[in-house]
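> Sequence:
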Amino acid sequence: MPTVAIAVTDGVMHFELAAACEVFGVDRSDIADPWYEFAVCGRPGAQVGGRFRLEPDHGFERLALADTVIVPAWADLDAAPPAELLEAVRAAHRAGARVASLCTGAFVLAAAGLLDGRRATTHWLHAAELAARYPRVRVDADVLYVDEGSVLTSAGKAAAMDLCLHLVRLDHGTAVANAVARILVVPPHRAGGQAQFIPSPMPARRGAHPLAELLSWALRRLDRPITVEDLARQANMSSRNLARHFRATTGTTPLRWLLAQRIHRAQELLETTQDSVEAIAAATGMGTATTLRRHFNRALGVPPDAYRRTFRSERPAPGTG
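First residue of the sequence shown: 1, per UniProt numbering; consecutive thereafter.
Honestly, I wouldn't trust all of these hints.
Below, simulated DMTMM-like cross-link-like pairs (lysine to aspartate or glutamate); rule was C-alpha separation at most 25 Å, straight line [as the list claims (entries may be wrong)]: (1) 157 to 55; (2) 157 to 33; (3) 157 to 129.
If you anchor each label on the Cβ, the simulated ranges turn out as follows [unchecked claim]: (4) 132 to 239: 26 to 34 Å; (5) 128 to 279: 32 to 40 Å; (6) 272 to 94: 50 to 58 Å; (7) 272 to 55: 43 to 51 Å; (8) 117 to 61: 37 to 45 Å; (9) 227 to 282: 27 to 35 Å; (10) 274 to 117: 45 to 53 Å; (11) 303 to 94: 26 to 34 Å.
Hints listed in this document are in silico derivations from the structure and should not be mistaken for laboratory results. Given the structure is predicted, the values throughout are model-derived calculations rather than measurements. Note that CB positions come from ideal geometry on N, CA and C, so glycine has one too.
Let the hints inform the model, and build the full structure from the sequences given.
In structure tokens form, the structure reads like this:
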């Protein structure tokens, strides 16, 4: 019977803790036998989510005996994780455990040194902080979860459930993972490389930055061809100067920013209208449905039709009653 142990201490978040308990801690031997032996490990009376007190089954030393160790989200990123937790996580990894973090639990794994030289993710809101604080970690903010073999990390909330189901899939196969997903009424499989569906950065208001007016100008013309030279001319800058300002403002190049905005606009149209993929391609300056599908799938990890099925608004499109 494989053992899953979850590390609990003051400051962990309840959603990710509950997700792991629901997937691994409920007896599902009717689906796969043997199921998991599940243990909650940590300090007695640990405060969870700022509201609940939890009595663990074991102390941190039990982590070293587990096959899989899960570290839930960490609430206060300014507070250093307890030294006993870090050492217990290191000891478990040295003993051969597979260690997985959920959401900001990646900060605990990074503090323990387990993410050095590895690719990892966390909630997109905190990815920049993770990268700045731990420069040896290769942070990827654009994915749901990362599987590096013995160390796995997930983005926030729903992505934590995705990673838990991924672990079940690794242990018991696709059919069992899909059966668990059906019981939990969640999607059976979202690939780890799928994007976190975040909006691209924009200045908060016009005039807040030299590029604010330019970006607004470009957003009003997403249905038209726009070149770097067009942007530079509109901003009264050289192409090189424009690229420098763009990188400082948006963290990317003008063409990549334009593509991201076209895809974001396509997302909105897929969610709120019944327009065909061909019509959306034209409305977003993609030209053809084939081009839209290629860029959309590359950016988000799902094709436009699948995105629409997941996010389609119940409101009727304008003019349809």
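> Work down the list of hints and note, for each, if the structure agrees.
Quick rundown of the hints versus the structure:
no.: 1; hint: 157 to 55; verdict: holds, 23 Å
no.: 2; hint: 157 to 33; verdict: violated, 28 Å
no.: 3; hint: 157 to 129; verdict: holds, 18 Å
no.: 4; hint: 132 to 239: 26 to 34 Å; verdict: holds, 30 Å
no.: 5; hint: 128 to 279: 32 to 40 Å; verdict: holds, 36 Å
no.: 6; hint: 272 to 94: 50 to 58 Å; verdict: holds, 51 Å
no.: 7; hint: 272 to 55: 43 to 51 Å; verdict: holds, 47 Å
no.: 8; hint: 117 to 61: 37 to 45 Å; verdict: violated, 27 Å
no.: 9; hint: 227 to 282: 27 to 35 Å; verdict: violated, 18 Å
no.: 10; hint: 274 to 117: 45 to 53 Å; verdict: holds, 48 Å
no.: 11; hint: 303 to 94: 26 to 34 Å; verdict: violated, 42 Å
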